[in-house]
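Peer 1: Residue strings, one per chain:
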Amino acid sequence: MNTATGKKISTIVITALLFVLAAITVIPFIWMLVSSFAPNSEIVKITGGIFPTPSTLDNYTGIQEKFNFMRLFGNSLFVATIKTVLIIYFSAVLGYVFSKMHFRGRNVLFGAVLSTMMLPWAVTIIPQYDMMVQFGWLDTYRSLIIPGLINGFGVFMFRQSIGGISDEIIEAAKLDGASDSRIFHRIVLPMSRNSIAALAIFVFLWNWEDYLWPFLMITDDDKQLLSVGLKMFSGQYGTDYGGLFAATSIAIIPVIIVYMLFQKQFIAGIATGSGK
Amino acid sequence: MKLAKTCAAIAATVLIATAATGCGTAGASGVVDTNADKGLAVLGDHVTYDPNHLVNDGQPIEIGYWSWGDASTDPVIGMLHEYEKIHPNVTVKISQVAWSDYWVKTPLSLKGNKNAPVLFNVHNSQDALLRPHMEAYDIDTADLEADYTNVDLHVVDGKIMYIDSVINTGNIYYNKTLWAEAGLTEDDIPATWDEFVEVAKKLTKFDGNKMIQSGFNMNGDGRYDGLWQGLNYQRGALMFSKDGTVANYDCEATKENLEFLRDLYETDKVSSVKFGDNSEQSFGNGQSAMIYAWGALQGTLETKYPDIDYGVFPTPTFSDDVPFAYDRYNGESTPGINVHQSEEQRAVAQDFIRFLLAGDDYVRSAVKLQNSFPGKKSLQDDSEILSNPVMAAIKPRLDRLIWPGPVPSTLESSPKIAFQNVIQNGQDIDTAVATAQAQIETDMKGSDFVSLESKYAHIDEAQ
Amino acid sequence: MHNTTLQRIFSMRNIAVVALVGYFAVFMAYPIIKAFAGSMHNWNPLTDTYQWVGFENYAQVLTDSLFWKSIWNTAVYSFFSVAFRVIVGLALALLLTSKLVKAKSALRGLFYMPTITPLVAVSFVWMWMYDPQFGMIDKVTGLDIGWLNDSHWAMPAVIIMTIWKDFGYATVLYMAGIMSLPTDVYEAASLDGAGKWQTFWKITLPLLRPTTLLIVITSLITYLQAYIQILVMTGGGPGTDTYTISYLIYDQAFTKYNFGVASAMSVILFVLTGVLTLLMFKASGDKLEESR
Chain A
1 MNTATGKKIS
11 TIVITALLFV
21 LAAITVIPFI
31 WMLVSSFAPN
41 SEIVKITGGI
51 FPTPSTLDNY
61 TGIQEKFNFM
71 RLFGNSLFVA
81 TIKTVLIIYF
91 SAVLGYVFSK
101 MHFRGRNVLF
111 GAVLSTMMLP
121 WAVTIIPQYD
131 MMVQFGWLDT
141 YRSLIIPGLI
151 NGFGVFMFRQ
161 SIGGISDEII
171 EAAKLDGASD
181 SRIFHRIVLP
191 MSRNSIAALA
201 IFVFLWNWED
211 YLWPFLMITD
221 DDKQLLSVGL
231 KMFSGQYGTD
241 YGGLFAATSI
251 AIIPVIIVYM
261 LFQKQFIAGI
271 ATGSGK
Chain B
277 MKLAKTCAAI
287 AATVLIATAA
297 TGCGTAGASG
307 VVDTNADKGL
317 AVLGDHVTYD
327 PNHLVNDGQP
337 IEIGYWSWGD
347 ASTDPVIGML
357 HEYEKIHPNV
367 TVKISQVAWS
377 DYWVKTPLSL
387 KGNKNAPVLF
397 NVHNSQDALL
407 RPHMEAYDID
417 TADLEADYTN
427 VDLHVVDGKI
437 MYIDSVINTG
447 NIYYNKTLWA
457 EAGLTEDDIP
467 ATWDEFVEVA
477 KKLTKFDGNK
487 MIQSGFNMNG
497 DGRYDGLWQG
507 LNYQRGALMF
517 SKDGTVANYD
527 CEATKENLEF
537 LRDLYETDKV
547 SSVKFGDNSE
557 QSFGNGQSAM
567 IYAWGALQGT
577 LETKYPDIDY
587 GVFPTPTFSD
597 DVPFAYDRYN
607 GESTPGINVH
617 QSEEQRAVAQ
627 DFIRFLLAGD
637 DYVRSAVKLQ
647 NSFPGKKSLQ
657 DDSEILSNPV
667 MAAIKPRLDR
677 LIWPGPVPST
687 LESSPKIAFQ
697 NVIQNGQDID
707 TAVATAQAQI
717 ETDMKGSDFV
727 SLESKYAHID
737 EAQ
Chain C
740 MHNTTLQRIF
750 SMRNIAVVAL
760 VGYFAVFMAY
770 PIIKAFAGSM
780 HNWNPLTDTY
790 QWVGFENYAQ
800 VLTDSLFWKS
810 IWNTAVYSFF
820 SVAFRVIVGL
830 ALALLLTSKL
840 VKAKSALRGL
850 FYMPTITPLV
860 AVSFVWMWMY
870 DPQFGMIDKV
880 TGLDIGWLND
890 SHWAMPAVII
900 MTIWKDFGYA
910 TVLYMAGIMS
920 LPTDVYEAAS
930 LDGAGKWQTF
940 WKITLPLLRP
950 TTLLIVITSL
960 ITYLQAYIQI
970 LVMTGGGPGT
980 DTYTISYLIY
990 DQAFTKYNFG
1000 VASAMSVILF
1010 VLTGVLTLLM
1020 FKASGDKLEE
1030 SR
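Residue numbers (this note's numbering), protein chains in the order written: chain A, 1 to 276; chain B, 277 to 739; chain C, 740 to 1031.
Below, a sample of chain B positions facing chain A; criterion: calculated Cβ distance under 8 Å:
(1) 371
(2) 374
(3) 377
(4) 384
(5) 385
(6) 560
(7) 561
(8) 580
(9) 581
What follows is a list of derived Cβ distance ranges for each label pair:
(10) 1023(C) with 264(A): 22 to 32 Å
(11) 74(A) with 336(B): 28 to 38 Å
(12) 517(B) with 54(A): 47 to 57 Å
(13) 811(C) with 618(B): 47 to 57 Å
Quick list of in silico lysine to aspartate or glutamate cross-link-like pairs, EDC-like style, CA-CA up to 16 Å:
(14) 653(B) with 421(B)
(15) 231(A) with 210(A)
(16) 369(B) with 222(A)
(17) 995(C) with 787(C)
(18) 369(B) with 220(A)
(19) 231(A) with 221(A)
(20) 995(C) with 717(B)
(21) 390(B) with 130(A)
Don't read these hints as lab results, they were simulated from the structure.
Here a beta-carbon is modelled for each residue, glycine too, at the ideal position from N, C-alpha and C.
Sequences and hints are given; from them, build the entire structure.
Peer 2: Okay, structure coming up:
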């Protein structure tokens, strides 16, 4: 009885503390959201309160004037979704290969995949651009999707999580005559639900935000992505803050939805008791 | 083999998807023009344009134009639409690219992308990147020189890729309200830096030790990186060695000027390192009474700080004598033509450039949109243009403004670091200046930049 | 018999490895090789300049005091950002999966907001918050610190912003890891009468080691390449106090168009990152044996 009450109290205290912490965490975000409803003159004003006074929808209506927002939004959704699905699948396959299969040169190959993350984009982006010119892929979504299919982070992540699946389960399936491919699709993939969910959240976010590469690849306005359109707000002589914040506030909505969808997977993971 | 099947299925999906979205909308949507003689007047004095002809044989054609600006900042865009009206078979496709990335995408695209535009906005600071991809103007140089100032500075190997539509330089912007509060009038507008400091002191306010109003704010981007050049020129010091290849930052003039500026912070106390890092914002918010800025500030003030009542006066000098030069100037460039585009497109582009330069509308609109002084001689005495305080400030000094050429960016970024090191980090001036000089020399290794200072009319007066 | 040979040749492993090697050769090897080769040239791809200079770029970089200062700044920045990302991320993940906490879903959403907001916008917001005249931070705390204009505080200010922005990644990864932990071990531990702290140090933390390794290594790689927050918030200043190696690389490549020098710096950074990564693997006891 006493411990139960104690537990209840600590639940309330800890939860309350976390909400306070969360509130502090989202202050900058709220500041941005509020500012997106304020004219630039209000955002940069210093005599006012802590938050700018929201008074206008101009920043939002201005977005559609600057470019075809819905079109770009749709394009981004299409590209980011396809890439997310493919990257997760390939990452899982390679993660499985690198963690559960043995062959000569495994570490070298894994090192090579990791090393692709270690060179700054500033020096590799132009050779990559030249390559796309050679392939004749400019202004196609091929140039956005195919070069990024092997994601070092994703492969690494699945290598770590699949490595945690016990070898006995896999050996048992092998004894039953299951092929590697069958083991992967029927056993490993379902057991990796949490990793898939986590990676989906990240990969979608990265592709949704990715700006420079689509910008260089796509010239045709009809195929342009949202992240590129949003950059129009930083000009030669400074930034249209209100516009930037409004565009950012809208652009993160799909990311929030993806996050909400996939973080539920973590809970589902416990509910089905897929403990290994 | 399920994996292979799944892979194949996904690959197929992707290919179908990309094929479906991959085919663009090609072809121009304009009409066929059959009416050559439109009964329009011929434009221009020396560079002339007769609109009464067909372009591209009257057949529909689409030409592209890239800019980092939009119709409210780039005067070419409005002129392109005018051109479309005269030649209805021409459709113009305008794309806006953010400034910082414009310089990555444009040279790359010009080189290898068939979708790159035939016309593009040029900034002379990026001359080296763009020049290899530009076609020379098909206009007689003597005609251009008769109509525009400083054309000779843009002739390279007998070719002109672009000229200045308008030019700009730095001035002092002051807050009229704060000026009046301090009991100052128009008569107090300072001519020398000594007078200027006295005015600035009157415009500075403290609350205890904390500055609450800065008389002259030098914090942040766009201040010292521009002003150091003007201050050095005022003392007759060139930015480059006589042969125009070695930077001359580490010199007595630089040090004297830095000392003068440091005194503004430490002795005269009209500016403070703790007074924010964005003097433009501070001026806009009415907290700083004066700043040194170029013409673009007007646009910023209009959009972000509409309530500020400000005036403009010419940058002071060290004595009452006419200096070697008052400041450097810089031109806004006319559009470039993509040498890699098709012959038809380039022909239309050349025709458009002639249209642009022959009439007055383009430069007139550039004066307005870019708040800069006309490069076209016929407009330099225009009373409407001179009613703008910035133009009035520039006009009498026109002959004493110098252009060092398309200077590498390190000549602005390295001195800015030296300034921060002296003012904010308390480094001694000699070390800071020497470090910046070394940085500039390192950065310019392999650059084939040659300064154009030797072409300045009063070059013989330099130190 | 015939069938099994075929199956062995076209096993999942072989297909995946061959496909990966092929893909790597086509899409990844060329840019990397080009970057290495470029470091030996006076290279500006935008003007098609490409002249052999040998190790001159390296000599220039290694004798440049700004380069070494940037390396030091990067080390400080990366160390604190990685450390706090791991600590804050793990602490929150534990709390957000704990039975003691209610309304987990809402909390998780709130704590993830910084992570999903694009860095450029976030950097601008923090710039205002740090402003010594009207910024929220000095206003609320009553401090009088110049933050981004103060040579002592500029770097910590950028680090604080980075931690705020990024702890969410670590939280998500740790949550995924914690949710995948075997429940039977905990049952055994509680039967043995192990305390909460003991369980954490003896069981949870070791079991999460693969996740920790993943977070530390990927964070390190990310932070060694961080430059956007520097670009927006301080421009490397005051003076050169917040220059990081990647800001320097970006500046050399895309402001000064010295791609040769930028490549030389990148190769040095690449080697440095590679060595650090290898050390982490070794230190974590990750088994790197390969053939069997």
